[in-house]
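Engineer: Heads up: the protein sequence lines correspond to chains A and B, in order.
For the first sequence, position 430 (counting from the first letter as 1) is numbered 430 according to the working numbering, and the numbering increases by one without interruption.
For the second sequence, position 485 (counting from the first letter as 1) is numbered 485 according to the working numbering, and the numbering increases by one without interruption.
The following residues of chain B were derived to be distant from chain A, with all beta-carbon distances above 12 Å:
no.	residue
1	PRO63
2	ASP84
3	GLY256
4	LEU265
5	MET267
6	LEU282
7	ARG285
8	GLY313
9	ARG509
10	SER582
As a list, the in silico DMTMM-like pairs of lysine to aspartate or glutamate whose alpha-carbon atoms are at most 25 Å apart:
no.	chain 1	residue 1	chain 2	residue 2
11	A	LYS473	B	GLU551
12	B	LYS143	A	GLU551
13	A	LYS440	A	ASP87
14	A	LYS143	B	GLU461
Label-pair restraints from in silico Cβ distances:
no.	chain 1	residue 1	chain 2	residue 2	range
15	A	PRO543	B	LEU199	55 to 61 Å
16	A	SER486	B	LYS440	56 to 62 Å
17	B	PRO292	A	LEU319	54 to 60 Å
18	B	SER486	A	THR469	43 to 49 Å
19	A	ASP87	B	ALA420	33 to 39 Å
Think of the hints as simulated: they come from the structure by calculation, not from any bench.
Think of the CB as a built atom: it goes at the ideal place given N, C-alpha and C, for glycine as much as any other residue.
2 protein chains.
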Amino acid sequence: MALGVLMALISYAMNFAIGRVVRAHKWLYREVGDGHLLRYLSWTVYPVALLSFSSGFSQSITPFSGGSGLPELKTMLSGVVLEDYLDIKNFGAKVVGLSCTLATGSTIFLGKVGPFVHLSVMISAYLGRVRAKTMGESQNKAKEIEMLAAAAAVGVATVFAAPFSGVLFSIEVMSSHFSVWNYWRGFFAATCGAFMFRLLAVFNSEQETITSIYKTRFRVDVPFDLPEIFFFVALGKPSYAALAALILASITYPPGVGRFMASRLSMAEHLRTLFDNNSWALMTRNSSPPWPAEPDPQNLWFEWYHPRFTIFGTLAFFLVMKFWMLILATTIPMPAGYFMPIFIIGAAIGRLLGEALSIAFPEGIVAGGEVNPIMPGGYALAGAAAFSGAVTHTISTALLAFELTGQIVHALPVLMAVLAANVISQNCQPSFYDGTIMAKKLPYLPWIRGRKIGSHPVSVEHFMNSTLTILAKDMPLEEVIKAVTSTDVAQFPLVETRESQILVGIVERTHLVQALQTEPASWAPGQQCCLQDVLAGGCPTQPVTLQLSPETSLYQTHTLFDLLTLQTLFVTSRGRAVGSVSWVELKKAISTLINPPAPK
Amino acid sequence: MALGVLMALISYAMNFAIGRVVRAHKWLYREVGDGHLLRYLSWTVYPVALLSFSSGFSQSITPFSGGSGLPELKTMLSGVVLEDYLDIKNFGAKVVGLSCTLATGSTIFLGKVGPFVHLSVMISAYLGRVRAKTMGESQNKAKEIEMLAAAAAVGVATVFAAPFSGVLFSIEVMSSHFSVWNYWRGFFAATCGAFMFRLLAVFNSEQETITSIYKTRFRVDVPFDLPEIFFFVALGKPSYAALAALILASITYPPGVGRFMASRLSMAEHLRTLFDNNSWALMTRNSSPPWPAEPDPQNLWFEWYHPRFTIFGTLAFFLVMKFWMLILATTIPMPAGYFMPIFIIGAAIGRLLGEALSIAFPEGIVAGGEVNPIMPGGYALAGAAAFSGAVTHTISTALLAFELTGQIVHALPVLMAVLAANVISQNCQPSFYDGTIMAKKLPYLPWIRGRKIGSHPVSVEHFMNSTLTILAKDMPLEEVIKAVTSTDVAQFPLVETRESQILVGIVERTHLVQALQTEPASWAPGQQCCLQDVLAGGCPTQPVTLQLSPETSLYQTHTLFDLLTLQTLFVTSRGRAVGSVSWVELKKAISTLINPPAPK
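This is chain A alone, in the form it adopts within the complex:
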């Protein structure tokens, strides 16, 4: 509940601040006069300044704050620990950086889903630590991961104020399986967030005072020294950000090329106009509306129309330009989400098809004896859901489209479009998030299809790492030290005797090194002190709670690692430690299976 309410407050405050900045920009652009140079400058300086600041500021605090954060979170949810990634001190950097990115509006054309999920997970990790401290409980890794999964759901849900699709989308993107418990917690927190968000909106429209109380109450505590802020100038990254922002802003300059791509509309207005019911092509066939000096709030879609280019020209031009502009924008190191731009591009694709159909069948298509005119807005809805679903490999984008529009009447066609898009994209490429994980070389467990692997008789003995550094209780200390220094693994299997090799436990490297360093007196040469003494002297060992056999199949092992978010397991045969399996071995085994080495 705390998480939901906090995220709603943050989302609301950010929307409020961004709205003010955008309004100021619009005012400046309107009031600056008619000179083209001044207008051009007022159009471009804003995003250039905001983006350099966003990029430089957030990068100077922490390099983790760039990008969407979803790929890293996906990695963390599979059990990998990324140090400091959820540290609360990144929070300020991400909030400020994201606000600046979003305040550039449709010029830079980036969204906020991914960063919001990251923010939500940060807060949840922080709340978890606070709770553990106050309750005096030790932290439980499994519980932490559960909490992160729920927090991810809250993040998506607060962005769209759409609890259903938020929860489902985050589940689909984040994991290959999920427990119904998490789903519950996600729904509860997301509902709290959505409710709070709505409540704030009501208060705000009713009485300005409550908003201002809230404004002064809500402070983002940025725990870093002020001089650090200006340190970023040395990083050089802002200059790249500024250059990219200049290019993007110049292209979208409304009296220039921007005229052909509806660049005076905000991203929300893009969506609203694209989902419009009426066919623009039919409406402009006989009359051509003039290009207003200001976007007309009643007829925002005029922005999409150009007398010579027509609707089709602007839509196609929008698609082509925004496509490479989005690629350029993703290269800027700053907090930004990539879901919304993709959703809008999908809507434009759908709209293009819908308008074309409405020209081809101006009377509508005959079905069941009745003639219904074609609604290009429906095609735009399906296009948005299908394209974003294909890029992220999810189906819940269909539900998101319904929650955004408040109507679920198009359920069947939209769902079918999303399914078809998924079938094609899943066979051709990894999802956007998986692709980023691979590109960033984050650890990940490849997803294997049951069909491909279930029938292969590959078992653990074929791919396990059998060159283990084993510690035996009767090992002399010299050998122990040699073994420890010869490798850098984090855990050592502990066996009863060098002869029997019966696995009895696990020794953590850190504990062992500590124990060896604190007791230097007892291992004078010639005294024949062995590992047993060090263990008795206070080095803790962990029991082996789960062990594989050489006969366990690859499929079973993969399921186990995937479901239980494991990192390493030891393999025993008749009680003897014979090997270990970690992600590295699993990944290698799977890739060998998919692309078998050429026979010599």
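Once you have looked at the hints, place chain B on chain A.
Structural biologist: Same frame as chain A, now just chain B:
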């Protein structure tokens, strides 16, 4: 795809047949004349006959066809094998029985969700077997379970023609976790089903010929002998069903008590009227509509009105009566679903509250400076979702409410009602399906909350079954036979020697008994033949792919059993077989933890 299309065909055919039967009943009731006795008989004979036939017929084919089937499927999805439960020969019994049950309409007040899920799973199991046979593949248990999960989703989805909530509902009810893969397959199959269903409706309304072709094409092949049908008379159960049907039909007789509970409406009409926007209490405050001789299709809600009882009286009476009538109906052994009645009762509860509020605030409640009249239909929607969500412990009933109404504008209030209902009901009682599982004494794994158990230091050694019947390779055959006959476990742990007790594999009871019986010559007394020889002679052993340690925690073990749908695991300590853990031990350990034994 085949599954979705088949289920749509079945659902459509059943709807068609049921519609005809119901229409015939209505016609009979209308045409039979004004005599009360004749009318009463025409009202009651139909359901009595249908129900006795439904109960007797389905029970004579198989006792498995009674009830909803969801609890049994839930048990199967957790890995337990219920023999013959998915046999295709039950299919005919279930289809015919369910059609008869549903044809009784609102008199008996039962639904079809559960049975449809059972039907869908039966077909999917059958298709799976056909596929395995034609492809020459061996059957894979994990894959089978995945397919069953997807089929369950299709079953729910085809009933409501609501793919989203269908898939989610089945997931929530069926399992404590689920893989995103299954969710996909469920969506795909459910969409195929919903599309086919829609297509059939279009064909049917356009040209009667296609329906009739379809009618003749679709045949339910009932694989049993005709005389068996009449065997049910001896079972005695139909007489109970007939008696219960007589009571239920008598109570709902419209000129009698039925007048006060809108019994002339079908279940679908109950729902449609309860979701009506206008406040009936306000509309009938000054004028009282007459009770029409026939339900007026334009104003079906008149059925809910009685001049002296008022709307509140009929709604409250409906709730009280339907509540115990539903309990009575559930005791009849025949195929029937219990979700729809609960959904309608919830809608009536919500409607009652909504009507009361509309009387208390006839002008509407002031919010944000505007006055909006209260819409009791919205309360009915929330009530239906909340009550059915509370009974089944699911949240997706909220989504179902939206898919049924085609609007998602009430998202937040409905979701909040469902969450609140869930919080209360989950703390007070098991879900309807879990309760049935317990009452039927089906095997199940209790659900443990992380909080309660995560912090308890209970590990496997505290609760494992340590009185194992262990077979050693060097055991003389006499001892082996003694061991095998002394117990009836299905699997024996096989150890290397009697002395070392190192676990090397698992021997199935059936294989061992077979091997012992086929080689009686070699174990003449005095020859000192041992188990090793039997194994070498062709008795297969299975490798131990996963083993527990005495130090594994209860929480970890539970997660493992739950996620991997395991039945039994052996416990080894330093390679020696020391015990085994199955559901029985786990259940006992969990119940001890929740209700600790009183200290002496």
